[in-house]
Structures are given as structure tokens and as C-alpha cells.
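Trainee: One-letter residues, chain by chain:
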Amino acid sequence: MALLEVSALSVSYGRVAALTDVSLSVREGEIVTVLGANGAGKSTLLKAILGAVPAKGGGITFADSDLTRAAPHRRMAQGLVLVPEGRRILISLTVEENLLLGAHMRRDTVAIRREMDAIYGRFSNLTERRHMLASCLSGGEQQMLAIGRAMMAKPRLMMLDEPSLGLSPLFVEKLFDLICELNRDGLSVLLVEQNTGKALKVAHAATVLELGRVTMDGDPKALAADPRLQDAYLGGANAH
Amino acid sequence: MSTALEISALSKSFAGVQAIRDLSFTVPKGVSTALIGPNGAGKTTVFNMVSGVYGVDAGRITVNGVDVTGMPSRRRIGTGVARSFQNVRLMPHLSVLENLLVGQHVRASSLAALLTPYRLIPNHRWKREARAALEESGLGRWADETVSALPYGVRKRIDLVRATLAGASLLMLDEPAAGLNPSETNALRDHLKALMAKGTTLLVVEHDMHFVESICQNVVVLNFGEKIAEGPLSRVRQDPRVREAYIGSDGEA
Amino acid sequence: EEELVLGYMMAKSGPYVSLANTNEVAVDMAVEEINAKGGINGKKIKVVKFDTAGDPKQATTAVRAFAQDAGALAIIGPFSSSEVRTTFPVGEREGISQMSMASSAPGLTKGFTYGFRNTTDEGKVIDQVLASIKDKKLPMASGAAAYATDDVVSKSIGTGVVPKMFEKYSIPSKGAVDFQLAAFDLSPQVAQLKQMAPDVVGLGSPPEGAITIAKELKRQGVSTRLIGGTTIADPELPKRMDGAGETLTIGTTFFPEVNDKTRAFAAEFAKRTKAAGLNRTDPNQMDASVYDIVYLYAEAMKRAGTTGDKAKLAAERSAVRDQVAKLKDVPALEGAISFADGDAVKPVYILEVKGGKWTLLDTRMPN
Amino acid sequence: MVAQQIVNGLMLGAIYMLVAVAFTLAIGVLNFLNFSLPGLFMAGGMLAFGLMKAGWPFLLAAAGALAAAAFISLLVERFAYRPMQGGDPEVPLVSSLGFLVLLENLMLVQFGSDQQAFPALLPDLNLRLGGLVIGYAQLASLVLSLGIVAALSFVLAKTAAGRRIRTVAESRETALLMGIDIARLVPQLFVASAALAALAGILFAVNYQQVSPFMGEGVGFKGVAAMIVGGMGSIWGAVLGGLLIGLAEVVSISFIGADVVNITVYGLLLLILIVRPQGLMGRAPSREKL
Amino acid sequence: MSGYLTGVLVVLAFNVMAAYAVYLPLAAGQLNLGIAGFMAIGAYGSAFLTNEYMWPMWAAIPAGALAAGLTGLLIGLPVLRTHGIYFAMATFALGQVISALFLNLEVVGGAAGYPVTDYAGPNVVFAAAAGVVVLMLYISRTRFALELTAVKSDATVADLLGVPVRGMKVAAFALGAMVAGFGGALYAHHYNFVEAQHFNVLLSVFTVLYVLFGGTQTVWGPLVGAVFFTLVPELLRASDQWRYAVFAVFIIVFMALRPQGLVTAALFRLFRRRAPEASS
Ligand SMILES: Nc1ncnc2c1ncn2[C@@H]1O[C@H](COP(=O)(O)OP(=O)(O)OP(=O)(O)O)[C@@H](O)[C@H]1O
Ligand SMILES: Nc1ncnc2c1ncn2[C@@H]1O[C@H](COP(=O)(O)OP(=O)(O)OP(=O)(O)O)[C@@H](O)[C@H]1O
Ligand SMILES: [Mg+2]
Ligand SMILES: [Mg+2]
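Chains as they are written, first to last, in my numbering: chain A, 3 to 242; chain B, 25 to 277; chain C, 895 to 1261; chain D, 691 to 980; chain E, 23 to 302.
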């Protein structure tokens, strides 16, 4: 049984259909990546899974409970979390408060403290700035904070929306290492990435969206070799 | 050869954190330059100081031979330097064309210009110019759209056109290719090349090394606010310090 | 068939509603009485109404509407001094009389030939209050003033009338305190009064201020006699003061317990207001004043031989005006009313709060 | 005399303070300049009065008034706040003012424009210390207000609930993505700020023994002024601002005269804003990061 | 025209002028809650000139407007250090201080108010309001208006593009003050009486209210808002004591349905698109 099961999901903004009949599943302990051009509906898919945009049709089950109509906070209580597009750091809170906010549904104070220290250990840029307002952080530092904040929720499934955006090449590598490490520790991941090559390398399964519909899915190795995907999304990146 | 931008002994700290430390480099006219470095190295901070968003703690900034160090931010664009933003900043209440018209301000700022009822005059010079600039960059069809409805890639390039309409000879671009798909990146590259051909000098912050390679002749590498390397990308890339701090082990991005 | 049209500016909404919303009952009462007796010159009186909400701008609209659209011969109202200031110039241009039932700021009719008020100048009222206190040999060895600064009438009482009258009656003044109309906390002012410890405090204020100050005096344990003019003459004031304000002494132009006529009026008024579902059923001085205004206009129209003929409107309006100006000792609800310089001259009733009720202390005629 | 005036100023300030805190909750957290609050302040006093007139005992009447204010505030949330999301910040001002006008006129229809006497709860409840007169009721309301404010500020600054509230304050959309139950939190905040305003109205009625349909306007504006003097969004700022405005008012009345109250109080506000544009305890807006 | 209609339209004309006085700075993102103060300056200033110095009205009214504009300019400089709601409150305080000053200024009657001798008839008022509308329409077609919107939309970027943000704000504020002063000056000469109590907070707040109600996205919004706020209470005259309560419900419901005001830019675009379709 899959951890997350999205079946025939449709979403629209007003009269514009953003997703049509999208089905996808993430099994426990798996990394699944969703690829697609700008505007294909990737972010919409993640937001719909979280419940931040309402589903017009179809269903979402997570950990055996039907969440299609549940509010985001109910879904997060079940172990879903999203690192949103554009980071969405809270700039009027300090770095530390941002991290604590990630854990706002949890009660286990001691563990929260311990995990926060682990996150500081991992992202040293954040340590010096822990009591500064998050507005001071550089673009990349904000991205670290957003990921750290999501980790603080102690999720079962982490959804990441273009996490490598604005990160230096070295840090992008570290990020993918981190994702793999968390995955090894049992976290399931749903990953949306522009950096298609890297995403396909770490994923166990991949789905391609085009204009809100699933056009391909399956084994990432096979997809990486698929000429259609080569043309559409790997384009410049793999030419070198 | 004259310089488009000269930065000497620049320093800046925020609440005790030294963001830029004794930084000097120059951007000669016609030599497009990339400013690269790990996250938090201080790249955007340099842009902010050049455009006047932040004051400097120490050091000097010269644009096209004019010392702008203490100049109010709004007057700097008049010396020929314009910038784009890491997070695109178009004015959402205005149409694309109106955004561009605001960009023309430096060249139409007299009282008479301010009080000309250009909207009543069909095909007024300003509107013509703005449309032409849009056409030229292949964005003509978006002219009358509301900005907030446009695709990200298009918005990024409108930001660029707006900066060029100010007549700037030095363009500072903060991560122009981030978030763009390959075809949009290509369109952007062509656009920039066309600008360079017309004599614009670029100073680019960008993490996509292929992109940097294709448009910049020179690279300045920052780490912790200090310059750690400078030169053509092919050479800088081999520098062990750069590899360690920025590019990483596989040498490719 | 022709009617004699009177315009009536009401303040049925807005800041004065509690004082003014019963006025309409009194007007209707007077008109019905006159018409029941066959009207004036064989014609019935008809009243057209306009709610100004106490707003000067709406009041000028009302005057224009009465003069240009309704063919009114004269206008009852407006209510407040602010309205009077803007409507009298309009009435003068249009050539139509107005008679206010409530505005008592000094000198408002000056310079207007069509502007009248059936109210008494506060100076004359307070003069009579002090005369009465003197007659009754009540303590008046020292005095002070307390007034609202942002209200025309109140301020002129506090800064003009009271000091002048203290001088006239040789009462040494210990000083003055002031407050804003909207003030609810008069503790600082009362703390000052407490130090002055005067025998009488001359009050320039609407009822609200009087209540607040009386309660605060009581709270801080200060006993002094408050005196005031018609601005405080609210029939329900003793009740609203809730035990405070004993010995408060005021002058007013109407008191229901004066004679059979006033008693009959009060009884009928109570019946009608109750039927209309209004909160207050005791008539106040504005109710009496507006009731008399209808009779005063009726008398003037009778003397002018007004016909209501639309063709002669302008001439009849000015004839009404001329007759009003000449009215002398007209027997009315409030007593005998005469006009001098546009303002009514009528008796002043001196009232005192005793045992939580208004009682009549004295009746006096200003000279 | 001076001591008495300072006492008077602080007592008055306590009322402004509660209103200021109500405003600061609304604008600091919800970014909503909620002009229905003066209306709720008034409704608190008027309804408590009305219920007592109908024979309810004070505590019950006060509870009834608070509940009614909370309910009205939920309507404000539904009709004035919710539809305005994402618009210009000044827009909700209109419909919240609409609620103020509505409340005032409903009370006007029900009770008339007169100021009404609010019954004294116990005869002559005053503490006399030498020459000083201090109302027990006032003292109690000062203590009560400070207690509420202290508790509120602790919650906001130190607890997870406080962080949630501040997240909503910054961005509703992000709050949603963080799994904050906005649909519950926002109405709760509306209820809280309405309760503060209505409580202030009830305390006002008890202290000054009067209520009227217009009592909200003057106090409401002074409350906004107090909030701004203190610095928007800062609870202790609102406290400081309330007390300052109360003191300034009383001191200028007793030493200069009531006709200058508006000049001194609002002059002070203007001056503070010019010297310190973010208010006394407000955070300076950090220059935006590009 | 009937006397009633004249009276109502005069009120409308004054409301329109006040609305544009609020609109202009609002277009640059500044909520002026002290507009009544500037009206008072225009009213008292011009009345003083006609009463005491026998100036002709046609000179005194513009002089009053100028005085208000100048005050706006001088006060705008320090006050514009504040932003957002702080700015709104600063202007609010300013309005209170100004009207309190007039309330205590005995040369113009203090609390007793100030009668004005010269009379400006309804037609003058109508013409003036029309003039203000035309001026605003003109301004809305200029680069000045465009840059005001830019400043409102994103002051940081506007500044980097060279737009003199502070200058623009001060200009909009002072111009708004001038329009307010103009309306005030006419008010004094039409109603022949000024009292400081009239120029109170509620006047300022209600003016802002109908501007926002009409919508600030286009230059027509304030006009529509003023019309609505003047005429609807008249239409509700029949409902008597419930008049303002019903009116308030109207406001709430309309705003819930059209949060950006009655007239929005989108509405205009819709019309503009419809028009060519219809003609073709
Ligand atoms: N709030 C919204 N209102 C209306 N349309 C929207 C909204 N958000 C997204 N869309 C539209 O829905 C479609 C899918 O958008 P989405 O953001 O999900 O794409 P994406 O695949 O994440 O693209 P990108 O790579 O640019 O992030 C696009 O056409 C977009 O214009
Ligand atoms: N306004 C500020 N206040 C405090 N610290 C700041 C401020 N602006 C920048 N910094 C700090 O200065 C350092 C440099 O930031 P900057 O934004 O220039 O980095 P960057 O090189 O652009 O990084 P990125 O590639 O992640 O965008 C960062 O550590 C950041 O936290
Ligand atoms: Mg996306
Ligand atoms: Mg950066």
C-alpha cells in the first residue's frame, strides 16, 4: 500500500484548469520526482496534496486515511509537509522562531530542542544568525531555513518545490546528499525540480506533467534516456 | 580602456556580521562580468551597495567614472547603472507597458514631461519607444497585459527591458536564469547577447555556470565577503579554493 | 383648495434626536387644534416636513426646498445654532421667515430681517436665576464657572454670561474650569473646583456635561449649588443624575406644572408620545417652544390676512414676517410672548432639583 | 492636587490602554485597522446597560454584553475582513467603519441619543488617601487591564500559539502552508480583540457611570492614537501609549484648559511620529532586502 | 431645478471636491485622515480675506486653497517620514490639531464660528466641482499619475528607477491639501458660515470612506463614491430613523461583494474590450 495515493486529481483556478486527472503514488521510503515545464502544474499539485488549493475532482489518501477534503493542518498532523516555492520565510520572525514554527504542532519540547541543534549543525550559516530576523538572510540561506523548518515538523512525507533554486552548485550537491540521507532514515520524498538531471539521479520513480496532465511516468533511468524528455526538459543541461 | 564599474576597498557589516570585507574589482566597459560565490557570500549585498539600497561602511564605488559612493539611490540610475532583482519586482498594479514607462523616468523627468497628458496623445513618443523595446525583445504581445498574470520567464525579461529603457550602460542582473526552463534560459541568453552587442556591459550574479560561461568574459568569485579569485571562468574553475567553496567536487553544475 | 403651508425642519436623526424627536408631536398637535377650530382666515394649515439630522448643509437644502418647491409661507426651525447660522442667510435671500425653537447662542438674529427665535437669551435666564437665589437668601458668597469649550452656547455662558452676572450680583469669582463636550472624565476639573470651594457654580453645558459634573462632584464629596440656563432644562435630568445634583438651580421657559393650560398640554403630549412609541413622554422646552411657534405663525398670518394664494407668495411671506416682528404679549403655552429684535421675550421659570425632582422655585419676567 | 491629577490621568489611561491593545491585536496581527472596535467598545457599555435595565445582575449583564460583542465581531470577520484578503490594506477600513455606523445607529434607534446613567454598582466606592480620591472600580479595572495585557503579551512573545499568530500576521498564505488552522485562529483573534474592546466599554461604564451611542468615537480615536504612540503591534507599547495619552489629557486640562486638549494630545502624537516614525516601542521597518 | 435638487447637488459637489482631495495622495499610497483640517484652512483663510480685507471672492478662494496647499507642503515634509498606518494617524492628528487651533482662534470667532459675508451661489459651486474633476482627469492622463501609482505599488523599485519618491509623495499630498482647501474656501462662501466643529474627524473619515467605497484604482472611483454617499441617504429619507442603519448595511454588503470598490480597473478593461467588439 502506498503512503500517498493521488488519484485522478483535478484542480482549477477559476475557469482555468491547472490539473486534470493526475494520478501518482509515493510508497513509504521512496523518493518520487515530478518534472514539467514552467506552468505545467507542479506547484499546484504539491499545494493540492497539502490542501492549500481545493481539489475539484479525484482523491487523495495519505497513510490510509482519505484526506481529499481535509484542511492543510489536518494533513500536516498526519505527517505531510511542504517546502514551498519561493521559500516563504517569515521575515518578521527570527531564524530560530522560524524553525520553532515548523514544530508548532508538536509537544515534545526536548526532542524539538535536540533536532533544532542538529539542524544548526547542518546549516552553519544559520547558527550565527539564529536570533536575527530572517529578513537578513541571503537567498540561499533562506532556502536552508525553509528546509530546516520543514524538517522540524518531523514529517513522514516531505514535499519539496524547487529546493535548489538560487543555491550554489556546491550547496545543491549538499542538498541532494541531504535528501538522500533523510530518505535513508525513512523519510519519503516528493520532489519537484528544475534541475532535472540531478532529480532523476536520486529518485526511485518519476512523473512528467504537461499542461496539467501526466504524460509519462515510471522508472527514472528509463525516463532520463527517453528522447522526448531529453528534448523537452533536459535540453541545454544535458547537451554539455 | 575605461571602466564601467570600479569598486575599491569596499566593506559592509550587518549587526556585527561582516558581509563584505575589503573588496575591490573593476568591470571594464564592454567586458561582461559574473559575480559568483556560495550562498551568503555577499553578491546581492554588492549589488545593493552599488545601486544605493545600502550605504557602505568603507570604500568607494565609481560608475562610468562618477563616484556614486554617497549619492542618493534614486540619482544613481542617471550615471548609467540599472539593476534587476533576485525576486522579480514589477509593479503588479500596472500593465507591462506602464511598467516600462516608469523605467523611462530618468530620460523624462522634467516638470513638463511629468505634466504632459501622454495618455491622451495617440502614439506618444514614450509609448512608441516602450513598445519598440518590447517588440525587439520578442515580448510585444504582452504589452497591455497586467503584470501579475504573466509567466515567470516573461516577467523576468520585462524587468530587464525596463532596466534598459532607462538607458543604462551597465546592467546588474541578480540570478537572471534562476527558475527559468531551458528554452526560457535560451531566450534570455539571446536577449542579453543582443544588448551586449549594442554596447551594454553586464554584471551578473548567477549559479548556472553554463549560462555564465556563455555570456561573461570575466568572473569574480566571492567567499565570506572576500574576493578569492578572478579571471576567465575556465581558469577560475580550476582554482582549488573555488572548487572547495563553490563548485564542489564534480566540477560541473 | 388653498392651504397655508408651513415648512418644518426637524432634527429627527443625528446628534439632537433625544431633544428633538418629540417636537413633531407638538407641531402636529398645534396644527390639528388650529385646523379643528376652522383654520386661519378660513384656510387650513399644512405642514411639510424635512429631517435635517441637525446638519447645517441639509438644513440649507431644506430651506431651499420649502421656499422654491413647497411654496411655504414661513418655516418652523431650524433646531440648532449651527443650522441657524447657515439657514438664516438662505432665508434672507429667499425672503422667507424662519423661527428656531432651540438655538440660544447670543446674537444669531442680528442682521437678519427674516430670522426669528422663540428662545430666550441665556444671559437673561441666568440673570433671573441669580436674582431668585438672592431673593430667597440662599448662599452666594463666592462663585466659579464650569463650561464646555467646544460648544458655542456653553462657552459664551462660561466666559461671558457667568462672569458678568457674578459681577452684577457682587459675587467674587474663584475661577473657572472647562471641559470638552465629549468629555466623560471630569475628575480633574472637579478636583480644581474642590479647591476653589465656591457657593455657586455657573454651568455652561448641555445636560450631559451637567450630569457628569454633578456625579463627579458627588463622588469627590464636594457640595455646591450648580446653576444654569435653558441648555440644561431636560425634564428627565434629575432622574438621569441618579441621586446627584440636589439643589441644581436653572431657569427655563417651560414648566408643565405652571397652570391648567400647561398641564393639559403635558397630558395630551404624554398620550401622543406614548402612542407613537417614543422614549420620553414629558414635554421639554423645545416641545413647548415649537408648539407655540405654530400658534405664533398662525397669529401673524391671521393679522396679515394671508390667503395662501401662490401668485402672491412673495408678498405674503414678507407680510407674515412683518407681523411676527410686531407680535406683542401673545398669550401662549409658555406665557405671554413678544418679539424684540427677532428674539422672543417670555417668562423664565426658576426650577430646583429637590428629592430627585424638578420643583418650581420662582416665576420671573425678564425686563 | 498634582498627585490627584496624575491618578486621574492613569485611570483614564487604563481605558485607552485596553482599547489600544484591542487595536494593536487587530492591526498588528491581522493587518486590519478595525474601526468596528470603537463600536464594540460602545456596544459593550450600552448592552451591559440595556441588560441591567432589563433586570439582569451586573456580572451576567457584562457576560452577555461580552458574548454579544464577540458575536458581532465574528460578523465583522465574515463580512468586513474575509472578503478583503489580498487587497489594499486600507480597504477593510470602509466596511469596518460601516459596522461602526451600523452599531451606533442601532443603539440610537433602541436607546436614543441621550447619554444614559449607568447604575453605580455600590454606593460611593472610593478610596480616600489623604486628599486623594481613587475609585475602587477604577483601581480594579487598572489592575484587571494590566493583568490581561501581561498575559496577552506573554502568549504572543513566548508560546507556539503566539508564533502562529505572528505568522498569520505576516502572511496568511504562508500560515496556511505551515499548517496553521487559520479558519479557527482568525475568528479567535477577532473575538479576543472584540472582548478587549467591549470589556473596556463595560469598565468605562462602571467607572464613569454613563453610556451613550457615541461613546466609542472619542475613546476609539484616542485608543488608536495610544496604539500608534506606543508602536503598532507592540502590546507594551499600547500600554505605555494609553497611559501617556491619558496623562497628557488630564495634565493639559488641569494646567492649561480643556480647549487645548486636542492640541496637546494630538500635537504630542504628531510630534512623536515625526521624531520616531515607528512609535515609541515599535520596530523600525527594516530596509527591505532585494 | 428644484430647490431640493439644488441643495442636494451642492452637497454632492462639495463631497466630490473632498473626495479628490483624498484620492490624490491615496493614489501614491498615502491615506490622509486629516483632510478636514486642510478644508478648514481654506475656509477660514479665504473667509478672513473677504471679511476683514475686503478681498473679492474670486481672489480669496484661490488664496485659501493656496494656503492649504502650502501648509500641506510644509507639513508634508516631516510627516512623510512616516509610512502606512502611521502616516494615516499622523495626518489624523494633524487634522485634529488644525481644527482645535481654529476652535481657539478668537479672531475668527473661536467656538462661536465665523459668519462670512460674500456669497457664492450654487452655479459657482457646480462649476468649481466640475473644474476639479476635469483637472483630476487631466492629471490621471499624465506621467505624474503613472509615477504616483508606481510609488504606491513599489516605492523601493521606483526609487531605484530614479523616481523622486519623496518629491512625488509631497507633491501629491500638497496638491490634495490644495484641493481640500479649495473646497473648504467655497464651502465658507456658499454656506456663509464656518465653524471649526464642522471640520472634524468624522468628515475626514467619511470622505476617505466614500473614496475607498468608490474605488481607488481609477480616477472615476471617487466620483462614483461621492455620488453614492450623497444620494443614497437621500433616497433612504423615507425610512426615517432606520435611514443610517440601512445605509451602513448597504456599505457592508457592497464592500463584501466588491472589495476593491465599485469602480475597478478590471471593470474598465471589460468595458474597453466590449466596446470594440460591439462596434465591429
Ligand atoms: N493563483 C493562481 N491563480 C490563477 N492561475 C494560477 C494560479 N497559480 C497558478 N496558476 C496557473 O496554473 C498553472 C500551473 O501553475 P503552477 O504554478 O502549478 O506551475 P509550475 O509547474 O509549478 O510552474 P513553475 O515551474 O513556473 O513553478 C499555470 O498556468 C499558472 O498560470
Ligand atoms: N539587511 C541585512 N541585515 C543583516 N544581514 C544581512 C542583510 N543583508 C545581507 N545580510 C547578510 O549578508 C550576507 C550576504 O548576503 P547576500 O544576500 O549578499 O548573499 P548572496 O551572496 O547574494 O547569497 P545568495 O546567493 O544566497 O543570494 C548574508 O550572510 C546575509 O545574511
Ligand atoms: Mg512551481
Ligand atoms: Mg543573492
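Treat the hints as calculated values from the structure; they're not laboratory data.
Heads up, a few of these hints could be off.
[Said to hold, decoys possible] For lysine-lysine, the following DSS-like pairs were computed, each having C-alpha atoms within a straight-line distance of at most 27 Å:
| id | chain 1 | residue 1 | chain 2 | residue 2 |
| --- | --- | --- | --- | --- |
| 1 | C | K1133 | D | K848 |
| 2 | D | K848 | C | K1165 |
| 3 | D | K848 | C | K1251 |
| 4 | D | K848 | A | K156 |
| 5 | D | K848 | C | K1112 |
| 6 | C | K1168 | D | K743 |
| 7 | D | K743 | C | K1248 |
| 8 | C | K1058 | C | K1155 |
[Claimed, not checked] Some residues of chain D that are not near chain A, with every Cβ distance over 12 Å (derived):
| id | residue |
| --- | --- |
| 9 | M742 |
| 10 | A760 |
| 11 | A851 |
| 12 | S861 |
| 13 | I870 |
| 14 | L875 |
| 15 | R973 |
In this text, a Cβ means the ideal position worked out from N, Cα and C, and glycines have one as well.
Trainee: Decide, hint by hint, whether the structure agrees.
Mentor: Evaluation of the provided hints:
{"no.": "1", "hint": "C/K1133 x D/K848", "result": "51 Å, violated"}
{"no.": "2", "hint": "D/K848 x C/K1165", "result": "64 Å, violated"}
{"no.": "3", "hint": "D/K848 x C/K1251", "result": "58 Å, violated"}
{"no.": "4", "hint": "D/K848 x A/K156", "result": "22 Å, holds"}
{"no.": "5", "hint": "D/K848 x C/K1112", "result": "46 Å, violated"}
{"no.": "6", "hint": "C/K1168 x D/K743", "result": "19 Å, holds"}
{"no.": "7", "hint": "D/K743 x C/K1248", "result": "24 Å, holds"}
{"no.": "8", "hint": "C/K1058 x C/K1155", "result": "35 Å, violated"}
{"no.": "9", "hint": "M742", "result": "42 Å, holds"}
{"no.": "10", "hint": "A760", "result": "23 Å, holds"}
{"no.": "11", "hint": "A851", "result": "9 Å, violated"}
{"no.": "12", "hint": "S861", "result": "7 Å, violated"}
{"no.": "13", "hint": "I870", "result": "6 Å, violated"}
{"no.": "14", "hint": "L875", "result": "10 Å, violated"}
{"no.": "15", "hint": "R973", "result": "8 Å, violated"}
When held up to the earlier numbered hints, the structure conflicts with 1, 2, 3, 5, 8, 11, 12, 13, 14, 15 and fits the remainder.
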